[in-house]
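Asker: Chain by chain, the residues run as shown.
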Amino acid sequence: MISRVLGYLFVLLFVLGLNFTLPRLLPGDPLTALAGEQELILTPEFRQELRQRYRLDQPLPWQVLHYLATLMRGDLGYSFYYHAPVLQIIGPALLWTLLLCGVSFLLSTGLGIMLGVELARRRDRPWTKTVLGVCLVLESLPGFLVGMGLLMVFSLKLGLFPFFGALEVTPAKSGSFGAGVLRHMALPLLTLVLGELPGMALLTRAGMLKILNAPFVLAARARGLGEIRIKYRYQARNALLPLFTRLGLRFGTLLAGAVPVEVVFAYPGAGQLLFQALLKRDYPLIQGLLLVSILAVLAGNALAEWGYRWADPRLREQP
Amino acid sequence: MQNLKNPRSRLKLVRRYPASRIGTFLLLLLLILGLIGPWLCPYNPWEYAGRPLEPPSLAHPLGTNDVGQDLLSELLYGTRTSLGIGLAVGLLGVVLSLLAALGSILKGGRWDFVIMRLVDAWLTIPPLLLVLLIVAFVPPRVWVLIMVLSLFSWAGGARILRSQALEMQKEPYVEAAVALGGSPVHLARRHFLPGLYPLIILCFLVQTRRAILMESSLAFLGLADPQHKSWGMMIQYGMKFMALGDYWLWWLLPPALALGLTLVSLALIGFGLESRFEPTLKS
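Each protein sequence line maps, in turn, to chains A and B. Counting in the UniProt record's numbering, the final residue of the first sequence is number 319, and the numbers go up one at a time with none missing. Counting in the UniProt record's numbering, the final residue of the second sequence is number 283, and the numbers go up one at a time with none missing.
Derived from the structure by calculation, the hints contain no laboratory data. Mixed in with the good hints, there may be bad ones.
Straight-line C-alpha distance at most 27 Å; calculated DSS-like pairs for lysine-lysine [to be verified]:
| no. | chain 1 | residue 1 | chain 2 | residue 2 |
| --- | --- | --- | --- | --- |
| 1 | B | 240 | A | 157 |
| 2 | A | 129 | A | 231 |
| 3 | B | 107 | B | 170 |
| 4 | A | 280 | B | 107 |
| 5 | A | 210 | A | 231 |
| 6 | B | 170 | A | 210 |
| 7 | A | 129 | A | 210 |
DEER-style ranges, computed between Cβ atoms [to be verified]:
| no. | chain 1 | residue 1 | chain 2 | residue 2 | range |
| --- | --- | --- | --- | --- | --- |
| 8 | B | 40 | A | 50 | 50 to 56 Å |
| 9 | B | 56 | A | 186 | 41 to 47 Å |
| 10 | B | 257 | A | 12 | 39 to 45 Å |
| 11 | B | 61 | A | 10 | 48 to 54 Å |
| 12 | B | 111 | A | 17 | 53 to 59 Å |
| 13 | B | 91 | A | 61 | 48 to 54 Å |
| 14 | B | 139 | A | 107 | 35 to 41 Å |
| 15 | B | 57 | A | 302 | 55 to 61 Å |
| 16 | A | 241 | B | 53 | 54 to 60 Å |
| 17 | B | 40 | A | 160 | 39 to 45 Å |
| 18 | A | 6 | B | 177 | 33 to 39 Å |
| 19 | A | 218 | B | 29 | 30 to 36 Å |
| 20 | B | 36 | A | 154 | 35 to 41 Å |
| 21 | A | 59 | B | 177 | 21 to 27 Å |
As the structure is a prediction and not an experimental result, all values here were calculated from the model. Using N, Cα and C, we set each Cβ at its ideal position, and we do this for glycine too.
If we strip away everything but chain A, and leave its shape as in the complex, we get (with noise of 0.2 Å):
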């Protein structure tokens, strides 16, 4: 367990390390990287002022101490962009994205696990090859790929769907407010489900086939149980065990994978805002986006891990 505190601690302090030394990697002035390219044109007296701002004046140790100091307050820094400051900016983005990505990872976790108990336990149908076909195809192509061909049809061919933003434009188009998120967020849903279903059906196929005949379940069958529950909580419940720790680090993918897919989407959540920064070349912003999700994907995983603690009882019992 301390080994494990250890080792996220040794990641955290490997990202806030590149947090910190990136900008100062940049040719020229670490300047560029807190004022923008704009700071070609500061006048040498205002200059002087931001460096002392930014304890840029400093010996490297001092300058570690105020970054770090200024992470505690939880102050990301200015965006010279927007002219605001980037926690007050990144706030609406990844409420956006968490519930995109949260509903989608409940969505595909639930769905993948029901797709892949069916794919084990009928595999000898032969619409099970179909649907492993197109599983494998779905997974390995990109996010930004399918939700280029879903806009293709649903929005820009069909008109079924708008095809940027996540509010109406006009409150009164689509009747409620609910409804407009909904139609909004369908497509851009519907791509991240696709890409990440797959890959949980795949591995609750591959578990549940390893145990699919296991004394337990013979055992359960003997004492008369229905096939619904020897399905549920005796087969997929031991098959999926060894996938609990993989949730988080799936969160992870998914919150990464979202960041082109919001882009072909144009939807308003962390991954568009991250990409005009990225043209902008915003660079406290880019930081501070980054930085939170990395220490939101932290985070979930080391839930997850808690969680699989919580769910194996033969783990339970162990210091």
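Start from chain A and add chain B according to the hints.
Answerer: Relative to chain A, chain B alone:
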């Protein structure tokens, strides 16, 4: 398995695993295209070869883009970039995985503990997010991309290879070699490498696939080497003209298909090999 040397029975083996066969064929085709592509190109992809936004014609089989560069030439050059980066990362990544796995097994003790904790920690990092962070600051030259992508792709393979090597370590022939005083290098070369061979191929395929996927996503977000045309970059530029008439047909579809086919073929080979090495997975 013992008559694997016989070409006919080997062919039969391939026939029993059509997924790998189709995948290998597709991948070979793309590899050849990537290798001889620049000689097939009608134009230099950086040259302004025609009028902007030309539809397909005999002179420009896939038309031209918004500044008049030939799209077919871009596509062929892109094959080289995408496959090249993918294969390089796959190779480098698998070498790193192997070094970590064999290092932890052969050195044992404290080394094993440290390396495996490092692997566990590394696995909690979302690779694309960290690569994004680095590439936003370091100019994304091709070699930078290869290094950064390899740096974040070795951990999963290391864990798989180690667990297999751990099982091999208990085999009598390995124990005998250890008892006879075989050096770590000898053990690695003579016993572990041949035994791990199938898994090494699998890890290579998985890491190559992930690298191509990440490279295309990065290029799609505008983080690509401007000196090398790539499919992701083409798709990014093409997307701006998506809603405009039929341009997507010759601008977006070809790179999308090429990228999709590459990834699917790699997945097919991997899946075919996996079901061959692990019979319980076979349906």
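Asker: What hint numbers does the structure not satisfy?
Answerer: When the structure is compared with the hints, numbers 4, 9, 12, 13, 19, 21 turn out to be violated.
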